[in-house]
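Enquirer: Residue strings, one per chain:
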Amino acid sequence: MDADVDPTVAGPPSPGLSVVGSRPPRVDASDKVVGRARYAMDVSLPGMLVGKVLRSPHAHARIVSIDTRPAEALPGVFAVVTAADLPPIDPEDKRASGEQTFQDRTFASRKVLYVGHPVAAVAARTEAIADEALSRIVVQYEVLPAVTDVMEAVREDAPILHEGLRPRSLAGQDDSPTNVASYFEQVKGDPAAGFAEADVIVERVFRTKMVHQGYLEPHVSTATWNDRGDLTIYATTQGSFAVRDHVVRLLRLPMSRVRVIPMEVGGAFGGKNSSYVDGTAALLARKARRPVKVAMSRFETFQATGPSSGTVIRVKMGATRDGRITAAEATLTYEAGAYPGSPVGSGAHVMFSPYVIPNGRIEGYDVVVNRPAVDSYRAPGATPACFAAEQVVNELADRLGVDPIDFRLRNSASEGSEALDGTVQGSIGAVEVLEAAKAHPHYTAPLGGANRGRGVAHAFWGNWGARSSVTITVNPDGTVALLTGSVDVTGTRTSIAMQAAEVLGLPLERVKATVGDTDAIGYSDVSAGSRTTVATGHAAVKAAKDVIAKMCARAADIWGVPVDGIAFRDGVFRTTGDIARAFTFVELAGLLPDTGNVVIGVGNVDVGDWGASFGTHIADVEVDPETGKVTLLRYTVVQDVGKAIHPVEVEGQLQGGATQGIGWALYEGYDYDSNGQMLNPTLLDYKLPTMMDVPAIETVLVEVPYPGHPFGARGVGETPIMPPPAAIAEAIYQAVGARVCDLPMTPARILESLGII
Amino acid sequence: MAGKLLVSATINGEAVEFLCEPQQSLLTCLRDILGLTGAKEGCNDGNCGACSVLLNGRLVNSCLVLAAEVEGCDIVTVEGLASWQGLHPLQEAFIAEDALQCGYCTPGMLIASKALLDRNPNPTEQEIRSWLAGNLCRCTGYDKIVRAVQAAAQHLESSRRIERVAEKG
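Protein chains in written order, with the working numbering: chain A, 1 to 757; chain B, 1001 to 1169.
These aren't lab readings, by the way, just hints derived from the structure by calculation.
Below, computed lysine to any residue pairings styled on SDA-like, alpha-carbon distance capped at 20 Å: (1) LYS550/A / GLY571/A; (2) LYS687/A / SER1130/B; (3) LYS209/A / ASP742/A; (4) LYS687/A / ASP1045/B; (5) LYS188/A / VAL424/A; (6) LYS1004/B / GLY76/A; (7) LYS512/A / ILE1095/B; (8) LYS94/A / SER109/A; (9) LYS209/A / ASP671/A; (10) LYS629/A / SER1130/B; (11) LYS512/A / ARG36/A; (12) LYS1004/B / ASP1032/B; (13) LYS687/A / THR627/A; (14) LYS1004/B / ASP131/A; (15) LYS1004/B / PRO75/A; (16) LYS1004/B / ALA128/A; (17) LYS1004/B / VAL1016/B; (18) LYS1004/B / GLU127/A; (19) LYS316/A / ALA192/A; (20) LYS512/A / VAL586/A; (21) LYS287/A / LEU134/A; (22) LYS1004/B / GLU132/A; (23) LYS687/A / ALA1133/B; (24) LYS629/A / ALA1133/B; (25) LYS287/A / ASP131/A; (26) LYS1004/B / THR126/A; (27) LYS629/A / GLN1126/B; (28) LYS512/A / SER18/A; (29) LYS550/A / ALA481/A; (30) LYS1004/B / LEU1034/B.
Isolated chain A (complex conformation) (with noise of 0.2 Å):
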């Protein structure tokens, strides 16, 4: 636990709360009904130009020559930007290589490494003059063999995406270029002996494909400078200071000079914790000395920004005839894109976490192939691990004849209790869940027709803490103002405004709750890991307490008592002395301006200790047998939340959460050819679920409170995405026998499991 958090709001939610809990509609709904919700697509400056990027046909070509004058000889252009315009790398600075990455991101210099890798943008007056200058930048393009495959990339004759590259934990041994960025392997006990202790053993191989996060908006920014030479950057973005550092590296500015005002964010999901345009627009509103917003496309987005890995993943777990787990194997491979940095480690981490597993062997390789590099994805390389771990489970479950909840029981994880890689499980709710999941009436409700099943999944995600600031001004009429620097991507200024409210004894109206830009707020790590109702919630309470520690002194100065004979209860300050005495929240405030400085509460936090979460789903599908159609007749997500603040919030966080795996189970999936073009870049071909695919799906809101936050909560966004496709998984095998081991399970997957096709 951080130092900055105090210990004397830690503990179990006292009874008696008056808006932790309730149910209020969220405070930026009724802008977003009317219309007059500001998102980062809305933007629009005077004189500003519309910036368009040009990008790489090719999946895999050495860049020979740009020429970009046929584009700047066009009127109305007013700016053509390449990896040139960037910041010169001195080859002599270690940290050269790291720095031709990062910009290499923003522009290509030497190689393109996926199709729609940028290799220069325009500014110009319209968007079909932005259009034709674009197609006016000639580039002359020598094309390399590409690699989009994860296991044709691990090859020795495969093609080579980065000539430096060395795995990470072989460095010495093997000094020949390879596209495996990293390798890694944990062991536990003796995996031999465990399996040999076995009477059952399931082994199979599992195989995903790259998904995208899906969100509605895609990227979009809009720069502008003035000349002093100060950037203010108008993003959508999980983090305005993630944006503010990305643009400060990337163009070498002191960071004082780069404001980021995020807007309303239209999904994000993790694909909006890393920036793809916002350098761009930074750069072409400097030269051009105009504002410049850049927007991508849907087609751009698909195959330009970070999805979530494509993954191979074998699993081998041996359990004895009483139902003990007494082995697990893995081994998981991930593409990581253009670039290193899969989150293989994050699905190793889960995969066998809700269990207690004695002996077992986890090896992880990160793999560079001619693909978009990944970025996070809810749960980042979570489901993918989860799916194949969980479906071995139900095979072994169903091989042993016992209840997959009994078996998950079983084995089950506890506080103390240490993970395959060594986590030790804090206070945790697993066993709240399984249990909660089987006294469900669904687990037990009667399937009532042919070619249905039931199938359940069971996952553990860890969430997060880190940093985030909040402030909390008062005002004379003891109304408050709340200003966080976490940007709000799921309903979070509604859940931190009610924390505060509760610490202030205020109702919820009387806090106004803001996101402030980069200039007017502290560092706030981006809104994502699950972390924001926690810990931007711890970093409330803090503001909230010193604002009632600053009113206290106020009251007593007013009163001429000592501070340690004010208490503050029920939203009254009162005199604990023989002379009673007492202010209201409201009096007290609209006495702060004639009795000295204002009131201003801060609340800075680096949150260390945070609660895991887990979840249990239950689903019961229909398959039809001739064409492999599944239909979803009815889906359970069970979850551990802690303490729910905003239990609407919550439901809805599970429901979506639970939708994106159910897309990843059954639709979604990035198709490429030969040539590493992409073959399903819209909504299109690239099908997320629609109203029409999924049911009513069901919430149960299993509350073992997290000691360690002032209210017992626990992240929730995370954790519904990873059950769905293991739970429809096994719901189709219980229905018609067919044990499909690749997602998405589309019809004709599942035709071909059933030996049809």
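Position chain B against the provided structure of chain A, taking the given hints into account.
Expert: Just chain B now, kept in the frame of chain A:
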């Protein structure tokens, strides 16, 4: 490049004239020329529904309509749903049921829902899901949207009943 075209239309009850380029979509003109940024661009090829508007009472993807085509037409965007009396019951219901998260699909979802209720005042859940299948939402999992449309339909139905009673006097 061809010259600009003058287009006259009624948008949210107001007579509007604007100049557009021949290739510009209705969505682009609403957003960039008329400042009506409620309709959103999610795909620009008619597959997400975030740009939904009513064109002479018909639900359309405004990204697939050329602005030059709307001469003399009546258009309703999300900005035209609320009246001086307050929010439309669908808007009230979306707030009350928490039928949105990021809100980017919400304008299109509301317009498509209005088009549904204008035709079918008491839709079943299946009819709602079928009608709104052209409007993608990546945040909510749709359940709360369905509930909001059902709640709005009920509200509108009871308003109509009260009106009928009042008429009978």
